[in-house]
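S.K.: Line by line, the protein sequences are chains U and V. Each number in the numbering used here comes from the position in the first sequence (counting from 1) with 1263 added on. Each number in the numbering used here comes from the position in the second sequence (counting from 1) with 976 added on.
Careful, some of the hints might be misleading.
Unchecked claim - List of simulated lysine-lysine pairs, DSS-like, C-alpha gap at most 25 Å:
1) U:K1630 <-> U:K1650
2) V:K1443 <-> V:K1427
3) U:K1630 <-> V:K1134
4) V:K1173 <-> V:K1358
5) V:K1443 <-> U:K1418
6) V:K1190 <-> V:K1209
7) V:K1164 <-> V:K1054
8) V:K1358 <-> V:K1293
9) U:K1418 <-> V:K1190
As the list claims (entries may be wrong) - Coverage of chain V stretches by chain U, computed from C-beta distances (three or more under 8 Å per stretch; other residues unrestricted):
10) 1045–1051
11) 1143–1149
12) 1172–1186
13) 1377–1385
Everything labelled a hint here was simulated from the structure, so no lab data went into it. These numbers come from a predicted model, not from an experiment. Ideal Cβ placement from N, Cα and C applies to all residues, glycine included.
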Amino acid sequence: MKRAGFGILSLLICAITDGSEVAKVPVETFELSNGMKFLAVVRPELATVSAGWVARVGSANERPGITGMSHFFEHMMFKGSRTLGTRNIERDLQIVEEQERLQDQMRAVYREQRERYRLGEIGDPFADDARPPELVELQRRFDALTEEQRELMVKDEYDRIYTAAGASGLNAFTSEDVTVYFLTVPANKLELWFWMESDRLLSPVFREFYSERDVVHEERRLRTESTPTGEFDEVFDAMFWQSHPYSWPVVGWPSDLRSYSLAQAREYFETYYAPGNLTAALVGNFDLEEARALAERYFGRLPAKEPAPDVVTLEMDPRAEKRMVAECDCQPQVELRYHSVPFRHRDSYALEVLAGLLNGRSGRLYKSLVLERGLAADVAASQDSRKYAGAFSLYAEARGGASPEDLERALLEEVRRIVDEPIPERELQKVKNQITASAYRQLSGGFHLLLQLLLYDGLGDWEYLNHWAETTLAVTDSDVKRAAERYLDPEERTVGLYYREREGVKP
Amino acid sequence: MNAGWALSVLLSAAPQSIPTRPEELRFDELRFDVPDPARYRHELPNGVAVYVAPDSTFPLISIRIQLRQGSYLEPEHKVGLAGLTGSLLRSGGTERLDPAAFDEEAEFLAAGISAFGGDSRAGANLDCITPVLDQSMDLFFEMLRHPRFDEARLTVEKENVLEAMRQRNDEPGDILAREWDWLLEGEKFYRSRRMTKDHMDAIARGDLVVFHEKYWRPENMVVTVSGDVDPAKILVKLDTYLSNWPGEGAPADWPPPQPTLEPRPGAYHVEKDIPQGTVVLGHSVPRWSDWDNPERAALQIMNHILGGSGFTSRITKRIRSDEGLAYDAGSSLGFDALGPGSFTVSFQSKNDTVALATEIALEEIERIRTEPAGDEEIAIAKASLIETFPRRFESAAQIAGIYAGDAFIGRSHDYWKSWRDQVRAVTADDVLRVARKYLRPDAIVFLVVGKWEEIAPGDANGRASMKDLFGGEVTHLPLRDPLTLKVLP
Chain U
1264 MKRAGFGILS
1274 LLICAITDGS
1284 EVAKVPVETF
1294 ELSNGMKFLA
1304 VVRPELATVS
1314 AGWVARVGSA
1324 NERPGITGMS
1334 HFFEHMMFKG
1344 SRTLGTRNIE
1354 RDLQIVEEQE
1364 RLQDQMRAVY
1374 REQRERYRLG
1384 EIGDPFADDA
1394 RPPELVELQR
1404 RFDALTEEQR
1414 ELMVKDEYDR
1424 IYTAAGASGL
1434 NAFTSEDVTV
1444 YFLTVPANKL
1454 ELWFWMESDR
1464 LLSPVFREFY
1474 SERDVVHEER
1484 RLRTESTPTG
1494 EFDEVFDAMF
1504 WQSHPYSWPV
1514 VGWPSDLRSY
1524 SLAQAREYFE
1534 TYYAPGNLTA
1544 ALVGNFDLEE
1554 ARALAERYFG
1564 RLPAKEPAPD
1574 VVTLEMDPRA
1584 EKRMVAECDC
1594 QPQVELRYHS
1604 VPFRHRDSYA
1614 LEVLAGLLNG
1624 RSGRLYKSLV
1634 LERGLAADVA
1644 ASQDSRKYAG
1654 AFSLYAEARG
1664 GASPEDLERA
1674 LLEEVRRIVD
1684 EPIPERELQK
1694 VKNQITASAY
1704 RQLSGGFHLL
1714 LQLLLYDGLG
1724 DWEYLNHWAE
1734 TTLAVTDSDV
1744 KRAAERYLDP
1754 EERTVGLYYR
1764 EREGVKP
Chain V
977 MNAGWALSVL
987 LSAAPQSIPT
997 RPEELRFDEL
1007 RFDVPDPARY
1017 RHELPNGVAV
1027 YVAPDSTFPL
1037 ISIRIQLRQG
1047 SYLEPEHKVG
1057 LAGLTGSLLR
1067 SGGTERLDPA
1077 AFDEEAEFLA
1087 AGISAFGGDS
1097 RAGANLDCIT
1107 PVLDQSMDLF
1117 FEMLRHPRFD
1127 EARLTVEKEN
1137 VLEAMRQRND
1147 EPGDILAREW
1157 DWLLEGEKFY
1167 RSRRMTKDHM
1177 DAIARGDLVV
1187 FHEKYWRPEN
1197 MVVTVSGDVD
1207 PAKILVKLDT
1217 YLSNWPGEGA
1227 PADWPPPQPT
1237 LEPRPGAYHV
1247 EKDIPQGTVV
1257 LGHSVPRWSD
1267 WDNPERAALQ
1277 IMNHILGGSG
1287 FTSRITKRIR
1297 SDEGLAYDAG
1307 SSLGFDALGP
1317 GSFTVSFQSK
1327 NDTVALATEI
1337 ALEEIERIRT
1347 EPAGDEEIAI
1357 AKASLIETFP
1367 RRFESAAQIA
1377 GIYAGDAFIG
1387 RSHDYWKSWR
1397 DQVRAVTADD
1407 VLRVARKYLR
1417 PDAIVFLVVG
1427 KWEEIAPGDA
1437 NGRASMKDLF
1447 GGEVTHLPLR
1457 DPLTLKVLP
């Protein structure tokens, strides 16, 4: 990477660089004839290649009944293929189909169970102790097939091959908008990545579909049900998003997790894991032409398909203030959330600057709520720019006897000040200096850069990486005031008020 | 870059067809020589070790200072003093600048400046961009040499700490960590004890001033610098900042004291009304000071196979992948140069399958102690440890950090040169021998936070219950008052 030429200016002039050069990443791009896109950043100083790909699919692409499917898929993609994961692919596939027929019968029983639940005859329709005998019998036959399949399986072979090859950081994540798969391999083993990733896209086998569902359920218990505010965060999201599919959690509703079928999963895969819906990225020590040839040879095998459907439901304009009052094992705290704008929207940059003015030890929220007024122990502001819509949040955690309502009032006053009072030039410059510095920090570290490229391209365009700093540095004080006034309308806020559960830390 | 890559890769006659299995792929050799530590190590005239790894790829600089001191040096009735000194060092301003002015200047420079006081290590870090290096270093060392420990900020900090204390029983993981430390090392030992409100009330500004004067001194420091710097110039600058340090001082007592408690094996439980039990089980392992001992490589391979390498390892495979009992399940083997380390298995499972997952973990611990590991398992573990090794030295910051870490704990830099050979030499017999020697089923302490009435009976299919484990006995630990840590009525 070529160094930018810095003109070092005196601090009295304020800007920490002359602004003529903002850090940029030289990214090579190419596209295969099937529509799959590649981003490549060559870094000869590294001993590795960090590699990954993003599928432009997340919980926003789901519908009631299959919520959590995108995230579930992320798990299933590690289960192998026709080549990896079994010693006898014919029998393995037969077992998958036989198990699916049993599951179809079980789903029919659960349909009756839901009916009994609606009539008040049973409680949780999925509870173990509510199982009718036929369900127990179906489960027994299912388990027997699992046993047989396990005899043929090469467990977690995908992981083992990578591990033995010195890969590290093998993982994936799912959001409302994207699903990202990544790892780091030694620089001499890039072809292994091409082999393994194209293989699991070309002929995935969703074996262990139903036991993996239990793992996801444990993940939900871990992140949502056993944390102090996890379940209220779900309530709050569902309340905030009125019409948009952002209203359900990425992990999915528990009853949906218990109900998907393999057929639904396959349809999902065919629709959203087509090459035209994928972008791959490589950052590290490799030869660009070689990588291009490997991409063609391996991923060129994926057949092109119809473009994936767009998410058509737009979020309704907010019509009323909404409030949630929660009691939990947590500090009294408040979140104020407003509908704002999605990724790359022209106003998103001013909202980022607004968050910058509010955040930090010398930022407005800390100075006012923590230091001067002693109301809060912790404060934060953030602009969450998703693919289809966005939200701006203000958050504070109480100190001493402050109530969530006190915090709410104090936060609203700080918003008012942004709108009503002039923003000092030096304060704005401070935020911009931080943007200049983070534009450089984001470049160091191959793996971090990889994730950003994939995330940004998944949300819309990787070039955001090279544009955001420049665009944000051009934001003026009046842009910030205008954005605050337009999006942080006090009458359209959604408020989450959290109280510590009334006495009796339960024995 | 500084590291010695010899990468004779790619574009060599790559086959044009796609092999049917990944094992058929052939790769060029990736040679890696451990960077020569002598190129990074320097010493200031006052004896402070400085590791400098220049790298001008980006206009970014990191300075990390580690100090051999910590909470083991604080008086027993002022638990938390070391930590408060670290946080107030950063937030309490300097003699010249009041706290708000200091924060304003640091954030205007976009310089990341931080300080912390830990159990057996304190530290301060600076991250900045090249154009403002001089101003940032001035500010950073002004903080270290002439802190103000502003009284009003101390009050704010104490109130914030109090709010953090109130949350001690909110997260199951926090309760688990606290009780686990106490079960292994007792409530009084420096690294397991916790600050109470009484401790905090007893700490006054003067205590911070004295703690800083005595222990935040060059005599205790190891410094690393990485990024866009000229080593000769930066050493001259560091010498200016670190010589003529105010006051008199001597190196802090080192190493920290050792625990005296003998942990009592068995099952322990803390009640919390949540659907999932969070579990840790294991025991301590001896303090590790002989870094030439080849058992270390064998132990790492043993843990890799048992539960340290994700899906490839036995515990994760059985508890998560086979049975779907947990999202996160694995083992860890921590080596510590300053005190006992620990061997632990951790997982979270719905209350009624805690017993089943525990039974599986115990079976696997027993199996690795009694049956030789498979050749393939050992080969995979070795290949993984050897192939990922160069990655530790990939960036300037990592190289400087590794060698400074050696200096901090008093390990020879040569350790890294022979490390891969030590891994290669490990046999299945070695793995079995170290598993027998270091894993002690009789010493296992089991701790779960969750809902006992669901945990105790076990799963609906009757596959395991807590009655079958640890002699069917359990000690129910009471929840503590979050501010006093006294037993709640």
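S.K.: Could you grab the alpha-carbon distance between K1443 of chain V and K1418 of chain U and see if it respects the 25 Å cut-off?
M.R.: violated (31 Å)
S.K.: Would you mind confirming whether the straight-line C-alpha gap from K1443 of chain V to K1427 of chain V stays at or under 25 Å?
M.R.: Given pair K1443 of chain V, K1427 of chain V holds - Cα atoms ~16 Å apart, limit 25 Å.
S.K.: Within the assertion that chain U covers the stretch 1172–1186 of chain V, do at least three residues meet a Cβ-to-Cβ distance smaller than 8 Å?
M.R.: Three-residue rule not met by the stretch 1172–1186 of chain V, so violated; n is 0.
S.K.: Just to be careful, I want the Cα atoms of K1173 of chain V and K1358 of chain V compared with a cutoff of 25 Å; is the pair within it?
M.R.: violated (49 Å)
S.K.: For the pair supplied as a hint, K1630 of chain U and K1650 of chain U, confirm whether the alpha-carbon distance does not exceed 25 Å.
M.R.: Violated. K1630 of chain U to K1650 of chain U sits at ~33 Å, over the 25 Å cutoff.
S.K.: For the stretch 1377–1385 of chain V, does the count of residues with a C-beta closer than 8 Å to a C-beta of chain U reach 3?
M.R.: With 0 residues in contact (Cβ-Cβ under 8 Å with chain U), the coverage given for the stretch 1377–1385 of chain V is violated.
S.K.: For K1164 of chain V and K1054 of chain V, compute the direct alpha-carbon distance and say whether it is at most 25 Å.
M.R.: Distance ~12 Å between K1164 of chain V and K1054 of chain V Cα, so the pair holds.
S.K.: Report holds or violated for chain U covering the stretch 1143–1149 of chain V, Cβ cut-off 8 Å, minimum 3 residues.
M.R.: holds (count 5)
S.K.: Taking beta carbons only, do three or more residues of the stretch 1045–1051 of chain V come closer than 8 Å to chain U?
M.R.: violated (count 0)
S.K.: Given the hint that K1190 of chain V pairs with K1209 of chain V, test it: the Cα-Cα distance must not exceed 25 Å.
M.R.: violated (29 Å)
S.K.: Would the hint linking K1418 of chain U and K1190 of chain V be met if the CA-CA limit is 25 Å?
M.R.: Violated, at about 56 Å.
S.K.: When you check the alpha-carbon spacing of K1630 of chain U and K1134 of chain V, does it fall within 25 Å?
M.R.: This hinted pair holds, its Cα atoms lying about 17 Å apart.
When the structure is compared with the earlier hints, violations turn up for hints 1, 4, 5, 6, 9, 10, 12, 13 and for no others.
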